[in-house]
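Per the working numbering, the very first residue in the sequence shown carries number 1; after that it's consecutive.
Calculated from the structure, these hints are not laboratory results. Do not take every clue at face value.
Unchecked claim - Ranges of calculated distance between the beta carbons of each label pair, as one might list FRET restraints:
no.: 1; residue 1: 275; residue 2: 140; range: 19 to 25 Å
no.: 2; residue 1: 251; residue 2: 390; range: 38 to 44 Å
no.: 3; residue 1: 308; residue 2: 13; range: 24 to 30 Å
Keep in mind it's a predicted model, so treat the numbers as computed, not measured. Positions of the beta carbon are idealized from the N, C-alpha and C atoms, including for glycine.
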Amino acid sequence: MRRARASNRLRDMVPYAGVFAHGMGQSIVMAILPSLGREIGLQEVAIGAIISLSSLVFFISSRMWGRLSDRSGRKQVILIGLWGYTIGTLVFAVLFGLGMAGVLGGTLLYGLIVGTRMIQSTMMSGTAPGTAAYIADITTPETRAAGMGRLSASSNVGSILGPAVAGTLAALSLLLPLVFAALATAAAALLVQRLLNDRAALPPMAHHSGKLHMRDRRILPYLALSLAVFTGFSIVQQTLAFRIQDTLVLDTRATAQTYGYTMMVSATASLFAQVALVQQLKFAPMILLRIGLPLLLCAFAGLIWSATLPAFFIAMAMMGLGMGLCGPGFSAATSLAVSAREQGAAAGIVTAIPALGFILGPIAGTALYQLDPHYPYVLTTLIMIPTSVLVFRVHQHLHTD
1 MRRARASNRL RDMVPYAGVF AHGMGQSIVM AILPSLGREI GLQEVAIGAI
51 ISLSSLVFFI SSRMWGRLSD RSGRKQVILI GLWGYTIGTL VFAVLFGLGM
101 AGVLGGTLLY GLIVGTRMIQ STMMSGTAPG TAAYIADITT PETRAAGMGR
151 LSASSNVGSI LGPAVAGTLA ALSLLLPLVF AALATAAAAL LVQRLLNDRA
201 ALPPMAHHSG KLHMRDRRIL PYLALSLAVF TGFSIVQQTL AFRIQDTLVL
251 DTRATAQTYG YTMMVSATAS LFAQVALVQQ LKFAPMILLR IGLPLLLCAF
301 AGLIWSATLP AFFIAMAMMG LGMGLCGPGF SAATSLAVSA REQGAAAGIV
351 TAIPALGFIL GPIAGTALYQ LDPHYPYVLT TLIMIPTSVL VFRVHQHLHT
401 D
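All chains should be modelled from the sequences, with the hints used to inform the complete structure.
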């Protein structure tokens, strides 16, 4: 009996394994990419372009995978994403290793790095929409926000561990964190392959996927708010390592460690928001957004004047709280606005919006950083001022079948 309960508990955790591994892997990449880029002589804008170009592909692919999951099932799409991430990360590590060894360099190396990351993004973009649609399938409208909160919390647990892993392993080699990320994602893929019961989650008439568009009035307000948030978030995530290195005068390995710690603080605060607030208080999605967006405004404004490590920690903790509330808020609000047949398409769109923010943010942020280290955070603050006001004029649309 006890063994059966343990087995059921493990199966209940399986849907979250993929986003946990994905969140950890992405936070590892973000923690060490600035240092890796500078190690092979790339400028800030060139490093930002790696993220922007791969995010463009992620944005396009996410919606495709979301619609495909409505027709062919969630499990297949999730697995494509996980194995694509695993293989792509290993190739990514090999290319940077060749660059650091002097075997490859210049335009050829940069082109291979960008191309690998874009192909990887095409595949890995299946994990998040497939999993979000699965959670939408197995939750009720009343438990949807809590379900999406658990999904976001799983990603944030990974995001907490990722920077810690990156900081520890980077002291030995800047490439070791990438290898660890690939192995963790492969382990998650094996768990999903063996234990996820896909057929039980498929909604009625799932093979007739609804044609949902980003311009749909039911979801457009949430998407617009989400785009503003993730554009600001991507600017911070892509420029903060440079800011920390230049402000605190650190070498590349110390930068990777210190930046990893700041991201760990942010992810811990985000996890606290999702576990202690979203899960326990069970606020409606719009309440989550009306609390989270002003917190982000304060965090971005605080980064303008941050010049010490404690100041960076405080601002990033506030950003984590805001993101921890906004993430499940956006997912749940969008999910509740559409029908059961549109859940996969909706999940694909919700997943694509952060990628759209990461298309715009890293290029803009790194370009502004080269002009003045404060400018990226001035821009994020200016973005969040109207966003924090407009959220109080948006009301939840509830779909009725």
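Results for each hint:
no.	hint	verdict
1	275 x 140: 19 to 25 Å	holds (20 Å)
2	251 x 390: 38 to 44 Å	holds (43 Å)
3	308 x 13: 24 to 30 Å	violated (39 Å)
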